[in-house]
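J.: Take the given structure of chain A and dock chain B to it, following the hints.
These protein sequence lines are chains A and B, in that order. Per my numbering: the first sequence ends with 189, consecutive numbering throughout. Per my numbering: the second sequence ends with 378, consecutive numbering throughout.
For the record, the hints were derived by calculation from the structure and aren't laboratory data. Built from N, CA and C at the ideal position, the CB exists for glycine as well. A portion of the hints provided could be inaccurate.
Mimicking DSS-like on lysine-lysine, the simulated pairs with C-alpha atoms at most 30 angstroms apart in a straight line are [said to hold, decoys possible]:
#1 B:K197 to B:K245
#2 B:K316 to B:K245
#3 A:K8 to B:K338
#4 A:K149 to A:K56
#5 A:K8 to A:K56
#6 A:K8 to B:K197
#7 A:K8 to A:K179
#8 A:K149 to B:K197
Residues on chain A that point at chain B, a partial pick, calculated with CB under 10 angstroms [said to hold, decoys possible]:
#9 F2
#10 L7
#11 N9
#12 L26
#13 Q43
#14 L45
#15 A80
#16 G116
#17 L129
#18 E131
#19 L133
#20 D137
#21 F139
#22 E140
#23 L143
#24 R180
There are 2 protein chains.
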Amino acid sequence: MFRDLVLKNRTCRRFDTSVSVSRDTLRDLVDLARQTASTGNQQPLKYYFATDAETKAIIDANITWAGYIPEWAGPTEDEAPSAYIVMLRDNTLSRAESPDTGIAAQTIMLAATEMGLGGCMFASMRKGLREALGLPDQFEIVLVLALGKPAEEVVLEPVDATGNIRYHRDDAGVHYVPKRSLDEVIVDL
Amino acid sequence: MFRDLVLKNRTCRRFDTSVSVSRDTLRDLVDLARQTASTGNQQPLKYYFATDAETKAIIDANITWAGYIPEWAGPTEDEAPSAYIVMLRDNTLSRAESPDTGIAAQTIMLAATEMGLGGCMFASMRKGLREALGLPDQFEIVLVLALGKPAEEVVLEPVDATGNIRYHRDDAGVHYVPKRSLDEVIVDL
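For reference, chain A alone in the conformation it holds in the complex:
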């Protein structure tokens, strides 16, 4: 059931480092993403893989892991992601913001979930990341995906009466994510 896959696919920030993610696996994920809907079918998205320690360290130094948990600096070496996919927009094909980014990223994350993997999407990163990775300036980084075998428990909970949507962790390290109710997100005039 697709519903089970969507609910299983939770943003994850701590990983089992004993499980590697190969470049062949990343290619399989991108092979699906490239066959999804694209605005005007322009297909401006391109993909750069990081599976080696050096490249992963460059990426890790240019992203922020959990904005609502500032006391946590991000995964330690023994809970780090096994790979990153850096999603690029090729500005020679299109310069426009579009839903393509989310369409492709969600497809990759759902496919990864089916493989027993999981991860986290980063929509903001430091300005220097593209240059630090040696990527030509025709590319703009639109999203970074961290991937690996999840090693944390993530639980959805209703948004409380104050409307607080900040995720948080309990003493046992369980990660809670408040989600708006179905009635709140449907506009019924």
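T.: Then chain B, alone, in the frame of chain A:
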């Protein structure tokens, strides 16, 4: 297999009007979408349903169906979509463009595909649509989804040597969509 679902989920613009899509079905689709990843977990997306003829006509008058097939004015009455979901960003929650839109839309389309439905995403629409639907100005329309039971054949093909990405139809009405190759979309420095 999730791969099969992604490949089956093709943009569709002609529908079997004998199959209706109920508001309960639309609620089930949105119930999945609301539980997906959201930038900073802000969840600014809201959803407006159109299942009656009058509201669907307003939407149809404010979208363009197939930019690369200008000689086709869009689905006739006997091939029209059964429902629309108008995706809104609630500007009181966030004004930022984000991958949320594509993440939620792809989740809805994949869930619809599993139900035997399909559809088309519209990223641009005429400026007057929000007012024509009577939606308060705290909302911004970010995407329109047409939904129904597909009644057309859609075939993927490789992008040719000239780089032409325009979809097209043959005399039998089969719709062809060129997609870039895996090697073209992977950036390998």
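J.: Run every hint past the structure and note whether it holds.
T.: Going down the list of hints, with the structure as the test:
1. B:K197 to B:K245: Holds, at roughly 25 angstroms.
2. B:K316 to B:K245: Judged against 30 angstroms, a Cα distance of about 16 angstroms means the pair holds.
3. A:K8 to B:K338: 27 angstroms, holds
4. A:K149 to A:K56: Satisfied, since the Cα-Cα distance of roughly 16 angstroms is no more than 30 angstroms.
5. A:K8 to A:K56: 25 angstroms, holds
6. A:K8 to B:K197: Roughly 22 angstroms separates the two Cα atoms, so the pair holds.
7. A:K8 to A:K179: Holds, at about 15 angstroms.
8. A:K149 to B:K197: OK: A:K149 and B:K197 at ~27 angstroms, within 30 angstroms.
9. F2: Hint holds; A:F2 Cβ to chain B Cβ min 5 angstroms, cut 10 angstroms.
10. L7: 6 angstroms, holds
11. N9: 8 angstroms, holds
12. L26: 9 angstroms, holds
13. Q43: 5 angstroms, holds
14. L45: 7 angstroms, holds
15. A80: Check failed: Cβ of A:A80 comes no nearer than 20 angstroms to chain B, outside 10 angstroms.
16. G116: 12 angstroms, violated
17. L129: 14 angstroms, violated
18. E131: Hint violated; A:E131 Cβ to chain B Cβ min 13 angstroms, cut 10 angstroms.
19. L133: The hint holds - A:L133 has a Cβ within 10 angstroms of chain B, the shortest such distance being about 8 angstroms.
20. D137: 13 angstroms, violated
21. F139: Holds: closest Cβ of chain B sits about 7 angstroms from A:F139, inside 10 angstroms.
22. E140: 12 angstroms, violated
23. L143: At about 6 angstroms, which falls below the 10 angstroms cut-off, the nearest Cβ of chain B leaves the hint on A:L143 intact, so it holds.
24. R180: It holds, given that the least Cβ distance between A:R180 and chain B is near 5 angstroms, below 10 angstroms.
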